Amino acid sequence: MTQFKLTIPVVLIIFNRPDTTAKVFEVIRQVKPPQLFVIADAPRLDKSGEVERCIAARKIIDRVDWQCEVLTNYSEINLGCRERVYSGLNWVFSLVESAIILEDDCVPHLTFFRFCQELLERYRDNNQVMAISGDNFQFGNNTTEHSYYFSRYPHCWGWATWRRAWKNYDNQMQLWSKLRGSKWLENILQNSRAVKYWSQIFQNNYQGFNSWAYAWLFAGWVLDKLTIIPQINLVSNIGFSPTATHAKDVNSKFANMSVEEMIFPLTHPPSIIRNIPADDFTEKTMFSGSLQIPNVHCKVCGSISHKFDNAKVLNKYNVDYFQCSNCGFVQTENPHWLGEAYRSAIASSDVGLVSRNQIFSLITENLILNFFNADGKFLDYGCGYGLFVRMMRDLGLDFYGYDKYCQNIFYQGWEGDIDREDKYEIITAFEVFEHFINPLAEIEKILQKTRNILFSTQLLPPNNPRPNDWWYYALEEGQHISIFTKKALSVIAQKFKLNLCSDGESLHLLTEKNLSNSEFKSIFRVPRYQPQKRKETLTLLDYKKVIEKKQKNQQQLDLKILIDGVFFQINNTGIARVWKSLLEVWSKDSFGENILVLDRAKTAPKIPGIKYRTVPVYNEAKIDADRQMLQKICDEENADIFISTYYTTPILTPSIFMGYDMIPEILAKNLDKTSWQEKHRS
4 MTQFKLTIPV VLIIFNRPDT TAKVFEVIRQ VKPPQLFVIA DAPRLDKSGE
54 VERCIAARKI IDRVDWQCEV LTNYSEINLG CRERVYSGLN WVFSLVESAI
104 ILEDDCVPHL TFFRFCQELL ERYRDNNQVM AISGDNFQFG NNTTEHSYYF
154 SRYPHCWGWA TWRRAWKNYD NQMQLWSKLR GSKWLENILQ NSRAVKYWSQ
204 IFQNNYQGFN SWAYAWLFAG WVLDKLTIIP QINLVSNIGF SPTATHAKDV
254 NSKFANMSVE EMIFPLTHPP SIIRNIPADD FTEKTMFSGS LQIPNVHCKV
304 CGSISHKFDN AKVLNKYNVD YFQCSNCGFV QTENPHWLGE AYRSAIASSD
354 VGLVSRNQIF SLITENLILN FFNADGKFLD YGCGYGLFVR MMRDLGLDFY
404 GYDKYCQNIF YQGWEGDIDR EDKYEIITAF EVFEHFINPL AEIEKILQKT
454 RNILFSTQLL PPNNPRPNDW WYYALEEGQH ISIFTKKALS VIAQKFKLNL
504 CSDGESLHLL TEKNLSNSEF KSIFRVPRYQ PQKRKETLTL LDYKKVIEKK
554 QKNQQQLDLK ILIDGVFFQI NNTGIARVWK SLLEVWSKDS FGENILVLDR
604 AKTAPKIPGI KYRTVPVYNE AKIDADRQML QKICDEENAD IFISTYYTTP
654 ILTPSIFMGY DMIPEILAKN LDKTSWQEKH RS
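Mapped onto the numbering used here, the consecutive letters of the sequence shown carry residue numbers 4 to 685.
All clues stand as given, with none of them false.
Derived lysine-lysine pairs resembling DSS-like cross-links, with alpha carbons at most 25 Å apart: (1) Lys186 x Lys228; (2) Lys310 x Lys287; (3) Lys426 x Lys516; (4) Lys8 x Lys26; (5) Lys490 x Lys448; (6) Lys538 x Lys380; (7) Lys186 x Lys287; (8) Lys62 x Lys50; (9) Lys228 x Lys287; (10) Lys228 x Lys170; (11) Lys591 x Lys563; (12) Lys583 x Lys609; (13) Lys448 x Lys498; (14) Lys448 x Lys489; (15) Lys62 x Lys35; (16) Lys489 x Lys500; (17) Lys614 x Lys591; (18) Lys563 x Lys583; (19) Lys380 x Lys500.
Hints in this document: simulated from the structure, not taken from any laboratory.
Please read all numbers here as calculations on a predicted model, not as lab measurements.
Could you put together the complete structure from these sequences and hints?
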């Protein structure tokens with residue numbers, strides 16, 4: 004925590020518990036926020052001793068002993084928990100854009116503050132996220148490889164949010180009067196017991212139950228917002244007591260939970276998708292006591308997916324298939340067999356690979372020349388051997404390829420990378436979508452590089468065939484684990500705010516352009532798919548580029564490299580062993596032919612395959628003379644690069660040195676000494 008500087012304001016909500024307030028304050032004091040907002044309700048006059056306890060809680064704020072702007076909002080009359088938090092946070096967000104919020108009984112781990120601050124910045128402008136919580140109530144279940152996940156439950160025992168999110172809070176829950184008679188909750192929860200539970204909660208709150216937290220959750224559900232939940236628990240509620248406003252059960256499993264240290268840097272989920280198993284667990288253990296959905300959830304729209312069929316995959320694995328009750332998307336059970344299925348990246352049954360690429364190349368050319376910027380960059384995602392990339396470059400379009408599984412045969416030198424910062428006019432993905440384990444996450448990753456995806460995947464026919472009744476399930480190959488319908492693609496387009504064009508069978512376009520389906524289908528109707536104006540082929544230019552690269556690589560291989568073996572003279576320690584290992588490795592390939600080791604007074608180890616030249620010993624008292632000697636040798640040997648194993652360098656020849664330094668101030672060394680000066684110059 005010593006390197007972390009908190010810059011986000013902290014809000015502390017207090018009332019009548021000076022003992023717990025003091026514990027929360029002591030943690031805040033350690034991170035020293037630049038602004039501290041304090042919200043306090045007035046005592047209830049009919050509660051004996053509450054005036055004194057409220058005064059004692061407020062006095063704790065006087066303990067601020069760091070540079071901090073303290074702003075207080077103390078009510079003169081008792082407003083109650085709901086109204087006091089509502090009005091207090093309205094005051095806070097009238098002054099600042101974001102804040103970290105703690106109540107007087109929520110004790111955070113120190114890393115909670117950095118966790119909130121980093122994610123407040125990361126998701127500042129992302130309206131899908133309404134809050135960041137410090138609470139994790141999974142008790143070791145539903146762990147992920149990332150530092151946090153997304154939930155529809157905005158746990159608020161230590162949390163953070165933005166002005167843009169808090170403005171959606173409606174303390175009166177006015178929309179409930181319109182929604183309670185609809186199937187809104189049924190569509191969200193899809194479980195009768197959970198629907199009954201939350202209907203009662205929202206109705207009680209609507210009628211005045213003293214809880215702001217349920218109204219905050221209601222606002223999130225109405226707008227389909229998500230909250231960030233840490234992978235570990237960062238906040239402990241120490242306020243469970245018979246006299247507490249809400250948390251009265253001192254034996255609750257949620258009372259006094261242990262906290263853990265968040266590890267940095269954070270590992271971020273690749274997409275903003277709700278963790279359904281984690282939310283199911285939360286609903287069961289914290290709220291209605293029921294698992295929300297006993298079936299599998301659709302990976303496209305999140306609705307219930309019922310078991311559709313069971314079929315034998317790879318002629319050995321009995322696999323369950325599930326179909327979405329809403330969008331019709333078909334998915335398999337957890338595809339544990341994929342490692343075996345991808346032993347060959349290209350399925351042996353894909354006999355249409357060449358003809359398919361030929362047809363798609365002409366269709367894609369026609370689409371680009373008629374509706375997109377033909378001078379842009381393009382990427383073929385999941386390009387296989389790269390035949391399509393080569394064909395598109397032959398048609399004059401600047402295409403690149405990306406495939407993390409398959410051997411690059413046809414696009415060497417034109418490798419794209421979905422993880423780089425490159426942007427593309429269009430990304431093509433032919434026969435790829437059916438391979439996606441998590442379609443939304445994969446598609447979102449592609450959309451970070453373009454807003455236009457041309458892709459092929461066979462849509463499930465209207466007669467809804469089972470796996471054994473339709474060739475496209477490709478059971479013998481085991482790679483097709485996601486089968487789409489037109490409605491599923493429409494859901495995806497709507498989620499990512501894109502236009503969907505489709506031929507209704509196998510070729511589809513997700514695009515930001517206002518392109519009609521008839522315009523999209525027109526690219527098939529041009530005779531032989533010939534566009535009116537074709538680009539000049541890149542074949543000759545690419546050939547010249549490959550030849551130039553080969554020539555350049557050869558020139559690089561011909562470099563003369565001098566390595567000063569001075570460290571072998573100075574010390575035979577671990578660093579010398581590192582250099583000896585490097586020379587041994589280089590001696591075994593052609594790179595060793597470029598190397599000449601300068602052997603200081605015959606102290607260097609003699610390694611077969613490495614050339615040597617004996618030179619005088621190194622003397623740090625004669626550094627200038629040594630530099631002149633090294634330059635003379637570099638000139639005689641026509642050296643292109645000089646590499647030092649210590650701090651020796653010639654006068655002019657480009658040099659690389661490996662620096663090993665200590666801290667001279669700690670060692671009380673004289674920085675004016677010649678050797679330290681040479682280190683500084685190097």
